[in-house]
Amino acid sequence: MPEIFNSANTRVSNPQPKRRSRKENVTEAEKYSSILRTATGAGNVFSAYCPKPSGVTFDLQHDDEPVLLILRQHPIVNIPWILITLFLSIAPVIFLPLVPVLQFFPGRFGSLAILGWYTIVLGYALEQFLIWFFNIYIITDERIIDVDFYNLLFKKVSEAKIENIEDITTSNNGFLQSIVDYGDIRIQTAAEIPEIEFERVPHPDKVQKFLSEMIDQEEQEKIEGRVR
Amino acid sequence: MPTAVPQILGAVFDPSSPFLFSGAFLLTVLRFMFLIGFGLYIIFAFAVIRQIALMTRTLKTGANVFVHLLGWIHFGVAVVIWLVAFFVL
Numbered sequence: 001m002p003e004i005f006n007s008a009n010t011r012v013s014n015p016q017p018k019r020r021s022r023k024e025n026v027t028e029a030e031k032y033s034s035i036l037r038t039a040t041g042a043g044n045v046f047s048a049y050c051p052k053p054s055g056v057t058f059d060l061q062h063d064d065e066p067v068l069l070i071l072r073q074h075p076i077v078n079i080p081w082i083l084i085t086l087f088l089s090i091a092p093v094i095f096l097p098l099v100p101v102l103q104f105f106p107g108r109f110g111s112l113a114i115l116g117w118y119t120i121v122l123g124y125a126l127e128q129f130l131i132w133f134f135n136i137y138i139i140t141d142e143r144i145i146d147v148d149f150y151n152l153l154f155k156k157v158s159e160a161k162i163e164n165i166e167d168i169t170t171s172n173n174g175f176l177q178s179i180v181d182y183g184d185i186r187i188q189t190a191a192e193i194p195e196i197e198f199e200r201v202p203h204p205d206k207v208q209k210f211l212s213e214m215i216d217q218e219e220q221e222k223i224e225g226r227v228r
Numbered sequence: 001m002p003t004a005v006p007q008i009l010g011a012v013f014d015p016s017s018p019f020l021f022s023g024a025f026l027l028t029v030l031r032f033m034f035l036i037g038f039g040l041y042i043i044f045a046f047a048v049i050r051q052i053a054l055m056t057r058t059l060k061t062g063a064n065v066f067v068h069l070l071g072w073i074h075f076g077v078a079v080v081i082w083l084v085a086f087f088v089l
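So the protein sequences, as listed, match chains A and B. Here the first sequence stands for residues 1 to 228, numbered as in this note's numbering. Here the second sequence stands for residues 1 to 89, numbered as in this note's numbering.
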C-alpha cells in the first residue's frame, strides 16, 4: 500500500490560531479605535461612561472577550428620585406639626411610625439606586449587550453581534440633554432582536463613533478572514 | 403581647365586651398592624438582598461588596425595627 494511504503514520497538523487574552484584545482594539486610544482607563465603577473598565466582568462573557465600554444612564436621571427621597425625608418634619395624626396615639407608636417611614424611604432610595447602577449597556469587541432590571422581579438581557449592526441613530432631545450631553442611541440590527436602545447615555456622539469604528474593524476582519 | 390575644379574641366573639370599645383594644389592633407591616417589610428587604445577589452575578465590579453591604444594612434595619416594635409596643 502506498505510504500516502496509511493514515496511522500521517499526522495532520491543523494549528489553531492562538487565542489572545482579554488584555491583548483591549490593546488590539486601541489600535483601531480613536475613542479608546484617547480614553483613560476608568477606575470609577460608578461612572456612567466607563471605557476600558478594569476589574469588570459579566456572566455571559467569553474567555477572551474584553469589556471595552460600559454605559449607564447619565447621573442626571437620578435627580428626580433623589429629590423625592429628600422630600419624603423632611415630610414628617413639615407635615406632622400641621396634621397631628400621631398625637392620638401614645408616643412610642408615633416614634415607631416615623422610624418605619424612614426605613421605607431608605428602601425606596436603595431600590432606585440599584436599578440605575445595574441597568447597563456593555460593548465588547464582539457584541453589544443591554442588561435591564425593571424592578425586583424582572430582568431582561438583549445582545447583538457587532457584525449584525446595520444602522445607528443618536438623538439629543431637548435643552437639558443638549447642554449636559446625553441622549438616546438606537441600534438597528439584523439579529433576532431588531433594535437595541441605549437610553439617556452620556456622550452619544462618542459612542456612535466608537460603534462605527468597531463595525469598520469587523468588516475589515471579515475581508481578511480573521473573524472570530 | 401574648396576654393581648385572648382579650382581642374575647372582644371579637363577644360584641358586648367593654374591651371592644376601649382605647386598649384599638392600641392592641394597632400593635398587630405594626408588627405585620414591619414583618412584610422584612420580606421585602430579603427580596432586595436576593435581587442584589442576582444583579451582582450578572455584573461583577469592584463596587459589589459595597452594594451587598447596602442591602444587608437595609435588611438589618428592617429586622431591628420589627424587634423594637415587638418589645416596645
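Hints were generated in silico from the structure; no laboratory data involved. Be aware that a few hints might be false.
What the hints assert, rightly or not - A few chain B residues facing chain A, derived, Cβ under 10 Å:
1) ARG31
2) THR56
3) ASN64
4) VAL67
5) ILE73
6) HIS74
7) VAL77
8) ILE81
As the structure is a computational prediction, the values presented were derived from the model and not from experiment. For every residue, glycine included, the Cβ atom is placed at its ideal position computed from N, Cα and C.
> Any CB of chain A closer than 10 Å to the CB of ILE81/B?
Replying inline: With a minimum Cβ separation of about 6 Å from chain A (threshold 10 Å), the hint on ILE81/B holds.
> Per the CB criterion, is VAL77/B less than 10 Å away from chain A?
Replying inline: holds (6 Å)
> Does the nearest C-beta of chain A fall within a distance shorter than 10 Å of the C-beta of HIS74/B?
Replying inline: holds (5 Å)
>> Take the shortest C-beta to C-beta distance between ASN64/B and chain A; is it under 10 Å?
In response: At 9 Å from the nearest chain A Cβ, ASN64/B passes the 10 Å test, so the hint holds.
>> Please check whether THR56/B passes as an interface residue: C-beta within 10 Å of a C-beta belonging to chain A.
In response: holds (8 Å)
> With 10 Å as the cut and Cβ atoms as the points, is VAL67/B at the interface with chain A?
Replying inline: OK, holds: VAL67/B within 10 Å of chain A, min 7 Å.
> Per the CB criterion, is ARG31/B less than 10 Å away from chain A?
Replying inline: Result: holds, 8 Å to nearest chain A Cβ.
>> Hint validation: ILE73/B versus chain A, beta carbon distance must be below 10 Å. Holds or violated?
In response: With a minimum Cβ separation of about 9 Å from chain A (threshold 10 Å), the hint on ILE73/B holds.
Violated hints are absent here; each numbered hint is respected by the structure.
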